[in-house]
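**Student:** This is what each chain is made of:
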Amino acid sequence: QQQVKQSPQSLIVQKGGISIINCAYENTAFDYFPWYQQFPGKGPALLIAIRPDVSEKKEGRFTISFNKSAKQFSLHIMDSQPGDSATYFCAASISYGGSQGNLIFGKGTKLSVKP
Amino acid sequence: GAGVSQSPSNKVTEKGKDVELRCDPISGHTALYWYRQRLGQGLEFLIYFQGNSAPDKSGLPSDRFSAERTGESVSTLTIQRTQQEDSAVYLCASSSRTGGYEQYFGPGTRLTVT
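These protein sequence lines are chains V and H, in that order. Just so we're aligned: the first sequence equals residues 14 to 128 in the numbering used here. Just so we're aligned: the second sequence equals residues 53 to 166 in the numbering used here.
Please keep in mind that the hints were generated in silico from the structure rather than gathered at the bench. There could be a bad hint or two in this list.
Lysine-lysine pairs mimicking DSS-like chemistry, simulated, CA-CA at most 25 Å apart [unchecked claim]:
no.: 1; chain 1: V; residue 1: Lys81; chain 2: V; residue 2: Lys120
no.: 2; chain 1: V; residue 1: Lys120; chain 2: H; residue 2: Lys109
no.: 3; chain 1: V; residue 1: Lys55; chain 2: H; residue 2: Lys63
no.: 4; chain 1: V; residue 1: Lys70; chain 2: V; residue 2: Lys123
no.: 5; chain 1: V; residue 1: Lys18; chain 2: V; residue 2: Lys81
no.: 6; chain 1: V; residue 1: Lys28; chain 2: V; residue 2: Lys81
Some chain H residues near chain V, calculated using beta-carbon distances under 7 Å [said to hold, decoys possible]:
no.: 7; residue: Ser79
no.: 8; residue: Phe97
no.: 9; residue: Phe157
no.: 10; residue: Gly158
Don't be surprised by glycine CBs; every beta carbon is placed ideally from N, CA and C.
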C-alpha cells in the first residue's frame with residue numbers, strides 16, 4: 014500500500030513558467046512533509062519542508078502549499094529555470110512520540126524546463 | 053562542513069557474492085538511515101540507527117540484509133548472497149534529531165548484480 018502518491022510522473026515546463034507537483038498522503042499521523050531534489054547520479058537534496066500547522070511555506074522561488082483536510086500538499090516552482098531540471102520527490106514522516114522518523118517517499122516527478 | 057559520504061560509489065558484483073557498503077554520516081548526527089532506490093522509483097526505507105539504541109530493522113527486505121553502526125559514526129550495510137533484484141542505489145542519510153526530520157543524504161552506492 015503506497016502511503017504517499019505523487020503526480021505527475023513527468024513534467025515539461027517552459028523557462029519562466031510555473032512548475033506544480035502534487036502529493037497526497039493517507040496516514041493522518043504524518044507531521045513532517047519535505048521535498049527533495051535529485052540530479053542524476055547524486056543523492057536527494059532537501060529543498061523545502063512544511064509541518065501541518067501552516068498552510069504555506071515559501072523559500073525563494075519554491076513554495077509548499079498544504080491542505081490538511083484534503084491530505085494533500087504541493088510544490089510550486091516559480092519562474093522555472095533550466096537548472097531546475099531534476100527529479101523531485103515528496104515525502105512524509107512521523108516525527109513525534111519516539112518515532113524513528115523514516116521518510117515515506119512518493120515515486121518522483123521528472124521535471125524538464127525548456128529554454 | 054563535510055556532508056554524508058558513502059563508498060564505494062559503484063559496485064558490480066556477481067550473483068551470490070556478498071557486498072559491504074559504507075556510510076560516514078555528518079559529524080554529530082545521532083540518527084542514521086539506509087534507503088534503497090530502484091531504477092525510476094522512490095526511496096524505500098531499510099534500517100534506522102539512533103545513538104546506542106537497538107536499530108529499527110523493519111524495512112529490511114530479507115535476512116540477507118544486515119547493517120551495523122559503531123556508536124554514532126560509520127555504518128556498514130551488508131548484503132549476503134546477492135541477487136539480481138538487489139541491483140539499486142543504496143542511500144544513507146543522517147539527522148541530528150530523534151524523529152529524524154531534516155535528513156541529509158549521501159551520494160549513494162550504485163550496486164549492480166550480474
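**Student:** Holds or violated: Phe97(H) as interface residue toward chain V, Cβ cutoff 7 Å?
**Tutor:** holds, 4 Å
**Student:** Answer holds if the nearest beta-carbon of chain V is closer than 7 Å to that of Ser79(H); otherwise answer violated.
**Tutor:** Hint violated; Ser79(H) Cβ to chain V Cβ min 18 Å, cut 7 Å.
**Student:** Take a quick look at whether Lys120(V) and Lys109(H) sit within 25 Å of each other, Cα to Cα.
**Tutor:** holds, 22 Å
**Student:** Take a quick look at whether Lys18(V) and Lys81(V) sit within 25 Å of each other, Cα to Cα.
**Tutor:** holds, 15 Å
**Student:** Sort out whether Lys81(V) lies within 25 Å of Lys28(V), counting only the CA atoms.
**Tutor:** This hinted pair is violated, its Cα atoms lying about 31 Å apart.
**Student:** Verify the interface restraint on Gly158(H): the C-beta must sit less than 7 Å from at least one C-beta of chain V.
**Tutor:** Result: holds, 5 Å to nearest chain V Cβ.
**Student:** Is the hinted pair Lys55(V) and Lys63(H) satisfied, with a Cα-Cα distance of at most 25 Å?
**Tutor:** holds, 16 Å
**Student:** Going straight from one Cα to the other, do Lys70(V) and Lys123(V) come out at no more than 25 Å?
**Tutor:** holds, 22 Å
**Student:** Lys81(V) and Lys120(V): Cα distance at most 25 Å?
**Tutor:** holds, 21 Å
**Student:** Have a go at the Phe157(H) hint: is there a Cβ in chain V nearer than 7 Å to its own Cβ?
**Tutor:** holds, 4 Å
Going through the hint list in order, the structure does not satisfy hints 6 and 7.
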